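Chains A and B are the protein sequences, given in the same order. Heads up, the first sequence stops at 305 in our numbering, and the numbers go up one at a time, no gaps. Heads up, the second sequence stops at 553 in our numbering, and the numbers go up one at a time, no gaps.
It is possible that part of the hints are untrue.
As the list claims (entries may be wrong) - Simulated DEER-style distance windows between Cβ atoms:
id: 1; chain 1: A; residue 1: R4; chain 2: B; residue 2: L322; range: 50 to 58 Å
id: 2; chain 1: A; residue 1: R55; chain 2: B; residue 2: L542; range: 18 to 26 Å
id: 3; chain 1: A; residue 1: V94; chain 2: B; residue 2: R360; range: 29 to 37 Å
id: 4; chain 1: A; residue 1: R170; chain 2: B; residue 2: Q371; range: 49 to 57 Å
id: 5; chain 1: A; residue 1: R55; chain 2: B; residue 2: Q529; range: 46 to 54 Å
id: 6; chain 1: A; residue 1: I113; chain 2: B; residue 2: D534; range: 53 to 61 Å
id: 7; chain 1: A; residue 1: Q124; chain 2: B; residue 2: S331; range: 54 to 62 Å
id: 8; chain 1: B; residue 1: Y447; chain 2: A; residue 2: S107; range: 21 to 29 Å
id: 9; chain 1: B; residue 1: L441; chain 2: A; residue 2: L297; range: 14 to 22 Å
id: 10; chain 1: A; residue 1: R105; chain 2: B; residue 2: Q529; range: 42 to 50 Å
id: 11; chain 1: A; residue 1: T195; chain 2: B; residue 2: E372; range: 17 to 25 Å
Unchecked claim - Pulled from the structure, derived: some chain B residues nowhere near chain A, Cβ distances all over 12 Å:
id: 12; residue: V378
id: 13; residue: S398
id: 14; residue: L467
Since the hints were derived computationally from the structure, they do not count as laboratory data. Being a predicted model, the structure only gives us computed values, none of them experimental. C-beta atoms are modelled at their ideal positions from N, C-alpha and C, and glycine is treated no differently.
Chain by chain, the residues:
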Amino acid sequence: MSRRETLSILAGALATAILACVPFLFGDYGLSLAINIVSYAVLATAWSLFSGPTRYVSLATVAFFGIGAYTTAVFAETLPWPAVLAIAAVIGVVVAAIVGLSTLRLSGVYFVIFSFGLAELVRQLVTWWEVNKTRTLGRYVFTDITAAQIYWQLLALAVLVFVVGFLIGRSRLGLALRAIGDDETVARHTGIDTTRAKVALFVLSTVFMTLTGAIMAPRWTYIDPAIAFNPVVSFTVLIMALLGGVHRLYGPVLGVVPLALLFEFLLARFPNHFSIMVGLVFILIVYAIPRGIAGLLEQAVRRPA
Amino acid sequence: MSALLHVEGLTRRFGGLTAVDALSFSIEPGEVVGLLGPNGSGKTTVLNLLSGALRADTGRIAFKGQEIGGRAVHTIARLGMARTFQLVRPLASLSCHDNVLTGLAFGRSRAWGAAAQATADTLLERVGLGRARDTLPAELTYIDQKRLELARALALQPELLLLDEWLAGLNPTELEEGIALIRSLSGQGITILLVEHVMDAIRSLCGRLLVMNTGRLIASGPPQQVLADPEVVRAYLGDDGDVGGGDA
Numbered sequence: 001m002s003r004r005e006t007l008s009i010l011a012g013a014l015a016t017a018i019l020a021c022v023p024f025l026f027g028d029y030g031l032s033l034a035i036n037i038v039s040y041a042v043l044a045t046a047w048s049l050f051s052g053p054t055r056y057v058s059l060a061t062v063a064f065f066g067i068g069a070y071t072t073a074v075f076a077e078t079l080p081w082p083a084v085l086a087i088a089a090v091i092g093v094v095v096a097a098i099v100g101l102s103t104l105r106l107s108g109v110y111f112v113i114f115s116f117g118l119a120e121l122v123r124q125l126v127t128w129w130e131v132n133k134t135r136t137l138g139r140y141v142f143t144d145i146t147a148a149q150i151y152w153q154l155l156a157l158a159v160l161v162f163v164v165g166f167l168i169g170r171s172r173l174g175l176a177l178r179a180i181g182d183d184e185t186v187a188r189h190t191g192i193d194t195t196r197a198k199v200a201l202f203v204l205s206t207v208f209m210t211l212t213g214a215i216m217a218p219r220w221t222y223i224d225p226a227i228a229f230n231p232v233v234s235f236t237v238l239i240m241a242l243l244g245g246v247h248r249l250y251g252p253v254l255g256v257v258p259l260a261l262l263f264e265f266l267l268a269r270f271p272n273h274f275s276i277m278v279g280l281v282f283i284l285i286v287y288a289i290p291r292g293i294a295g296l297l298e299q300a301v302r303r304p305a
Numbered sequence: 306m307s308a309l310l311h312v313e314g315l316t317r318r319f320g321g322l323t324a325v326d327a328l329s330f331s332i333e334p335g336e337v338v339g340l341l342g343p344n345g346s347g348k349t350t351v352l353n354l355l356s357g358a359l360r361a362d363t364g365r366i367a368f369k370g371q372e373i374g375g376r377a378v379h380t381i382a383r384l385g386m387a388r389t390f391q392l393v394r395p396l397a398s399l400s401c402h403d404n405v406l407t408g409l410a411f412g413r414s415r416a417w418g419a420a421a422q423a424t425a426d427t428l429l430e431r432v433g434l435g436r437a438r439d440t441l442p443a444e445l446t447y448i449d450q451k452r453l454e455l456a457r458a459l460a461l462q463p464e465l466l467l468l469d470e471w472l473a474g475l476n477p478t479e480l481e482e483g484i485a486l487i488r489s490l491s492g493q494g495i496t497i498l499l500v501e502h503v504m505d506a507i508r509s510l511c512g513r514l515l516v517m518n519t520g521r522l523i524a525s526g527p528p529q530q531v532l533a534d535p536e537v538v539r540a541y542l543g544d545d546g547d548v549g550g551g552d553a
C-alpha cells in the first residue's frame, strides 16, 4: 500500500469520526440537512462506481432507491430492521441482475433511455399493484428509528461504498471496467468478459442505492409511488456526480455537498422556480466543468508544480 | 487433425457484398502465414471472423481442434488467439503498463499482483517500450502505440497471433526491428497470421502466403511461387499495371 493510500485511509477514518458526531452538535435542521447530504453522497458515489468507468449513464437510480423505500414501507412494522435491509438488498440485487443482463448490451443513448424508462416502469408497476391489489395508494411508515439512527446508518453505508470502491479500484474488476470504458471491443479481445464485468458492477452499485432508499424511508412517515420513485432523484444524483467528477472515488462527494446546500437554499427561497434553477445549474456544470471539481483540483495541483 | 487453425467454407456478407466468400485454409503450428490481397479483398474481415468480432454467415472455424465459430470474443482470446488492430487501438486512459496488464489479468495466465506487474514490464521491454511504463498511449508515437498493442496481444500468451498490417507505416530502420521482433516471436513457437502489404516483410518472414481477391482465396503456397502467380499479379496490379516492389 502506498503512502498516499495510507494517508487517504487515515483522512477517511478521521472524517468519519467527526461526521459521526454531527447529531450531537447540530439541531434538528442541521441533522436533516446532514442526512440529505450523506444519502446523496452514497447515491452519487454508488452511481459513479458503475457509470464512471464504464461511461454508461444511468437514470435508474431512483428505481432502486424507490424499491428500497417500498421494501421498508411493506416490512418495517412486521420484521426486525436487519431483515428489512436484507430483503431490500436481495430484491435490489435480483432486479439489477435481470436489468443488467437484458440491457447492458445496449450502449450509449439507448441505455440512458432504457434506464429512465425502467424507473418509470417500476413506478407504474408499484402503482398498479397498490391500486388493484392492496387498494391503497400510499403507505404509512411507522418505525421507532430516530433521525440520528438514520444518519448513522447512512454514514456507515457511505463508509462501505468507499471501501468497496477502493477495493474495486485495486482489483481485476476495476481494471476490466476501465478497459471497457476506453474501448469495449479491445477489452473483449484482451479476454475480458465485458457483459459479466458490467453486470457485476451494476448490481454492486445499485445495492447501495436500494439500501439508501430502505434506510431513508422512515424519514417520510408517508410514501406513495410518486414520492419514492421521483425521477428528480436520478437527475440530481447524475448532476452531483458530474459536478464532482466521476473518474475519482472521492469526486462525487465534492459535487454532492455544494449542490445539496444550493438546492436546499433554492427550495427555501424560490420554491416555485426550483426546477428552472436546477436546469440552469445542470447546463452550467456540463459546459463549464466537464471534468468536475475533482478534475479542476487535479489541474490546480499539477499546474504550480 | 493437427492443424492449429482450420477454416472451411467461411462466408460473410454485408448486405449485397460478399466480403468473404467460401474461404478454406489451414495453418499448422509454428507457421508464419501471410494473408495478402488488394484493399477491400476481405483480409480484415477474415481476422474479425477468426477473433469472433464478427460472426460468419456460414462455414466452420476450428482452433486447436475446437469449433470456435459463434463463440464470444473473450473466450476465443482466452483460448490463445490474440490480435492487433489495423488502426491502433490502445486503451487510452490506461498507462502502457496497465494496457499490457489487461492481457495478463484476463488472458490465459489470469495473472494478478506482483507477478503480473513484473511480467507486464518484461513484455514492454520485449517490444522496446521499457522506458514508457507509466506513459499514457496518447503520448507515444504511432509506431510505439503499435508496439504497445503487440505487447498487449502477447500478454494473452497466444498460440496464434493475428497481426493486421502491424508493419505498415514504419520507416526502414523500424521495419527491420519489427521484422526481427516478429521473427523472434515465431522462434518462440507462436504461430502467426499476418495481413501485410510490405513485400520485404512478407518475403523475409512468411513461409506461406494466402492471397485473397474479392473475398475469395486465389492463391496459396510459398512466397516465390505465389508472388509469381499471374492471377495474383493481375489482382494486385491490374492487367496493365506497372510492376514494382515495396508497398503494393
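Taking the hints in turn, this is what the structure says about them:
Here the CB-CB span from R4/A to L322/B is close to 54 Å, well matched to the stated 50 to 58 Å. Checking the proposed 18 to 26 Å range against R55/A and L542/B shows it is violated: the Cβ atoms sit about 46 Å from each other. At roughly 31 Å, the beta-carbon separation of V94/A and R360/B lies within the given 29 to 37 Å, and the hint holds. Between R170/A and Q371/B the C-beta distance comes to about 34 Å, which lies outside the given range of 49 to 57 Å.
A beta carbon spacing of about 50 Å between R55/A and Q529/B agrees with the range 46 to 54 Å that was offered as a hint. Taking the beta carbon of each, I113/A and D534/B are about 54 Å apart, inside 53 to 61 Å as hinted. Distance hint for Q124/A and S331/B: a CB-CB separation of about 57 Å, consistent with the stated range 54 to 62 Å. As the Cβ distance of Y447/B to S107/A is approximately 28 Å, the hint placing it in 21 to 29 Å holds.
The hinted range of 14 to 22 Å is satisfied by L441/B and L297/A, whose Cβ atoms lie roughly 19 Å apart. Hint check: R105/A to Q529/B, Cβ distance near 48 Å, so the stated range 42 to 50 Å holds. For T195/A and E372/B, the hinted distance range of 17 to 25 Å is satisfied, since their beta carbons lie about 21 Å from each other. Once the 12 Å rule is applied to beta carbons, V378/B is inconsistent with being away from chain A; the minimum gap is 4 Å.
For S398/B, the condition that its CB be more than 12 Å from all CB atoms of chain A is violated, with the nearest at approximately 5 Å. A beta-carbon of chain A is positioned within 12 Å of the beta-carbon of L467/B; the least distance is around 10 Å.
Going through the hint list in order, the structure does not satisfy hints 2, 4, 12, 13 and 14.
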